[in-house]
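Colleague: If you read the sequences in order, they're chains A and B.
Counting in this note's numbering, the first sequence runs from 3 upward without gaps.
Counting in this note's numbering, the second sequence runs from 3 upward without gaps.
It should be emphasised that the hints constitute simulated quantities derived from the structure, not laboratory data.
It should be emphasised that the depicted structure is a prediction, and the values quoted were computed from it without experimental measurement.
Hints should not be assumed to be uniformly reliable.
[Unchecked claim] Example chain A residues on the side facing chain B (calculated, C-beta under 10 Å, incomplete):
# : residue
1 : Gly86
2 : His87
3 : Ser104
4 : Val271
5 : Glu274
Note that the Cβ used here is the ideal one computed from N, Cα and C, for glycine as well.
One-letter residues, chain by chain:
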Amino acid sequence: MTRFLLRRSLLAILTLFAVSVLTFLMFFVLPRDPVSGMCPKNCNPERLERVRRELGLSDPKIDQYLAYMKGIFVGRDLGSAQGGHCDAPCLGYSYVNNEPVSETIARVLPVTLSIVIPAAILWLGLGIGLGMVSALRQGTWVDRVAIGFSLTGASLQLYFVGGVLLLVFTYQLGIAPVPHYTPLLENPADWAGGLVLAWLALAFLFSAIYARLSRAQMVETLSEDFVRTARAKGLPNSQVYGRHALRAAITPLVTIAGIDIGAALGGTVITEITFGLQGLGRTAVGAVHAGDLPMIMATVLVAAFFIVVANIAVDLLYAAIDPRVRL
Amino acid sequence: MRTRILIAACGAFAIVVALSACSQNTGTQDTGSSSADAANPTQTGVIATDPLDSMGPAPEVPGGAKGGTFTIIRELKIPHLDPQRVYSFAGLMNAALYARTLTTWEQIDDQLTLVGDLAQTPGTNVNGDCTVWEFTIKDGLKFEDGSQITSKEIAYGIARSFNPDLTGGPTYLQEWLSGTPQYDTAWDFKANKSSLPPGLTTPDAKTVQFEFDRPRCDLPFAVSLPASAPVPPDKDTGVDYDNLPFSSGPYRITENTPGVQLVLERNSHWDPATDPVRHQYPDKFVWTFGTDDEASANRVIADNGADQTALDWNSVPSSLVSKTTTDPALKERSLLSPTTSANRLTINNQRVTDLSIRQAINYAIDREGLIKMLGGPTVGAPMTTLMPPGTLGYQAYDAYPAGPNGDIGKAKELLAGRTPELVLGTADDSSGQEMATQLKGNLEKAGFVITVKNIPADDKLDETKKKDNPWDLYLDSWAADWPSGAAILPVLFDGRSIKAEGNSNSAYMNSDAINAEFDRIQALDPDKQAAEWGALDERIMTEVAPVVPLYVDVAYFLHGSKVGGLFVSGVFPYPSFVNAYIEQ
Chain A
3 MTRFLLRRSL LAILTLFAVS VLTFLMFFVL PRDPVSGMCP KNCNPERLER VRRELGLSDP
63 KIDQYLAYMK GIFVGRDLGS AQGGHCDAPC LGYSYVNNEP VSETIARVLP VTLSIVIPAA
123 ILWLGLGIGL GMVSALRQGT WVDRVAIGFS LTGASLQLYF VGGVLLLVFT YQLGIAPVPH
183 YTPLLENPAD WAGGLVLAWL ALAFLFSAIY ARLSRAQMVE TLSEDFVRTA RAKGLPNSQV
243 YGRHALRAAI TPLVTIAGID IGAALGGTVI TEITFGLQGL GRTAVGAVHA GDLPMIMATV
303 LVAAFFIVVA NIAVDLLYAA IDPRVRL
Chain B
3 MRTRILIAAC GAFAIVVALS ACSQNTGTQD TGSSSADAAN PTQTGVIATD PLDSMGPAPE
63 VPGGAKGGTF TIIRELKIPH LDPQRVYSFA GLMNAALYAR TLTTWEQIDD QLTLVGDLAQ
123 TPGTNVNGDC TVWEFTIKDG LKFEDGSQIT SKEIAYGIAR SFNPDLTGGP TYLQEWLSGT
183 PQYDTAWDFK ANKSSLPPGL TTPDAKTVQF EFDRPRCDLP FAVSLPASAP VPPDKDTGVD
243 YDNLPFSSGP YRITENTPGV QLVLERNSHW DPATDPVRHQ YPDKFVWTFG TDDEASANRV
303 IADNGADQTA LDWNSVPSSL VSKTTTDPAL KERSLLSPTT SANRLTINNQ RVTDLSIRQA
363 INYAIDREGL IKMLGGPTVG APMTTLMPPG TLGYQAYDAY PAGPNGDIGK AKELLAGRTP
423 ELVLGTADDS SGQEMATQLK GNLEKAGFVI TVKNIPADDK LDETKKKDNP WDLYLDSWAA
483 DWPSGAAILP VLFDGRSIKA EGNSNSAYMN SDAINAEFDR IQALDPDKQA AEWGALDERI
543 MTEVAPVVPL YVDVAYFLHG SKVGGLFVSG VFPYPSFVNA YIEQ
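So here's chain A without its partners, still in its complex pose:
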């Protein structure tokens, strides 16, 4: 186990390093000069160049990259135009938001976490629950309703479902508040009220996929020999389904859930845009539009971090669920 964790951690660091290099290089391919937005109209080229120098954007790219990485590990001096010294882990200074990037990340990350974690609990519970019930009641009206639900969910897009939810519950009926974010500890009821539509939209769409997958897995598992053996031994249905069949059926779903949740934590861009919530994904898109390199780097690295960690977590869960897997 320790060896596995060490090996995966090293691989994770290498992955993040590769992502950081690629992101940095891709930024300079963007057809946009971030400095032009900082210079007012009539800004002459000399002044433009001075601003560029001030922000370090005229330095060789390798120097800019090394300075950025140095900031993450030991901090660095960003100059008076960018708020002075920046302590480690310094993710740079956003010249669009006019604040240290770490402050922006600290503000937007809880929004994304607040959208994704409750939504994931909902979609996993609803999706797997529906799939299981559907598998156990094959051919009944319950099965048909569940299949219809999952087909509908799998066919729709979040911007459509989100738009309809907003139109009906917020704009027309006025029973759901305009989506907003309030910190959980500040006002739990307001936190839930402001995000409930986003959770519902995500849960509906994702649970549809999980319902289909878990139904198929469960149907297949129920025809396995070990399930027949368990029944033959006279175990009650609750134990056959709950302890034996479910455990085997759920293993492949863990992989998909890990990837989905990891990717969603990296930024639920469409959800955040549809519901007007300023999370990590929306911040990343805004940074790309504005040519805000430090913000692009930070959001991409945070997103990559979540995906890497989710993958490690999936491997660990695999071992915990399936006794045949050894790390």
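Take the given structure of chain A and dock chain B to it, following the hints.
Modeller: Relative to chain A, chain B alone:
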């Protein structure tokens, strides 16, 4: 409103000129004419020099009531709050709430008047030649902590705009005082924080004096921008000042979460008796960021709960225009007004040197078709002049009367069988592509052979500002920082300012005769300039035809049912908050 005495500045000037219909609220706060037609001049502009005109309190707004929270829904955060860095439209309109300036614009019905804000008058032209200007500060001005506002804090605010760290703001005052665009190298703010830049002095606590090496007759206009707002030196936190500037206006910033929310609450130390334009009706102004145009429009249309007191700062999306323009209830809650943001088809005069070809281009363009393609009268209003209606000295004319859809016959006649091959450079985004297709169609009907070349949208402005750019035609726009011909015609058409890059004169027009006219008019007494700019506008189009004036942007906004007192500014194309109130 008290009777205005229109006299000349410095003993000096008054400008009374016909301007266009500038603002229309189609609802109960109707303050303007009946359509967004840019060609119907009805407005009058003045500069008030009687100190009484610059004193408060501002006249009560009919229906105005204290209380409530005024919400403004916007997709993106306001780029800057630091008054010396504010230059976006949202920033400029928002700054009026917390940053007072030496002068400001009063807008009553369709009349714009430049009045003193911190200053007792819009400035004294000491020698009558616009090289020395003096502003006397009002009594009773206070910051949000109750401390006195004096000439020192105003001068310090201007001095700190020389700080190279404070990017983004206008540079008029810095360049005029230092005499060079390289102002931050001409005077080093960081090394001279306790002194003032050359030409800026404070002879006493109530006087700010500007001295320039050449006439700067537009100074009273330039100091209406937030760059002249006072900043106490001990409150200046450099780049961090952008997050929480210190208030001198009727509201103070109490919360700023970048990209999420900005809250302004009443400043109890603001004295309405010193302020000729602002009110303090709502308890709070709250900007909420992150809602896109579809969602914000739907929220305001639904008019539920807190959205009843909200303004949608995002323009109404085209998908909802047919609904909002036909529903009488929504029309009541909309603001529709042509603005001073002017769009033109620029002709590269270095490459298209034949006047008759430029004139033929002018005849060939179908303005009505173009505006229809853009979304109709809620998006643009046709214009045929260089200065948009709303500019002091504006005179309506059409040098190439081709009707709303162009005159192909007249264009062909001017071309006399020639088929000029022209390159139209356009942004590679969807609107650039659509407009290029439309313009190409117009011009090819007249016999031109048009090749469309795409330019990356983000680079287009910079690329077309390069003197040796490879395109014959491209779309441009200009929104002047104040409604004076001096802020438009010489900036866009003085050929002596052409340099290798960064040209505002992107038509690269260089006419000795017109350049001489620029010099002549700018040397005139300010009160005589406005009409001269109007006449020169027509002369440039008639004699040179350097561009094709196309349309002015139309401001179109929705607000909730309990919002009152809003109007579209005649200076900048967005709603002004100075009269805003919440119906109680």
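Colleague: Does the closest beta carbon of chain B sit nearer than 10 Å to the beta carbon of Ser104 of chain A?
Modeller: This hint is violated: Ser104 of chain A lies away from chain B, its Cβ roughly 13 Å from the closest one there, beyond 10 Å.
Colleague: Taking the closest Cβ pair, is Val271 of chain A under 10 Å from chain B?
Modeller: violated, 12 Å
Colleague: His87 of chain A was flagged as interface toward chain B. Is the shortest Cβ-Cβ separation under 10 Å?
Modeller: Violated. Min distance 13 Å.
Colleague: Under the criterion of a CB-CB separation shorter than 10 Å, is Gly86 of chain A in contact with chain B as hinted?
Modeller: holds, 8 Å
Colleague: Going by Cβ atoms only, is Glu274 of chain A closer than 10 Å to chain B?
Modeller: Glu274 of chain A check passes; min Cβ-Cβ to chain B is 8 Å, inside 10 Å.
Figure legend: structure checked against the earlier numbered hints; hints not met, in rising order: 2, 3 and 4.
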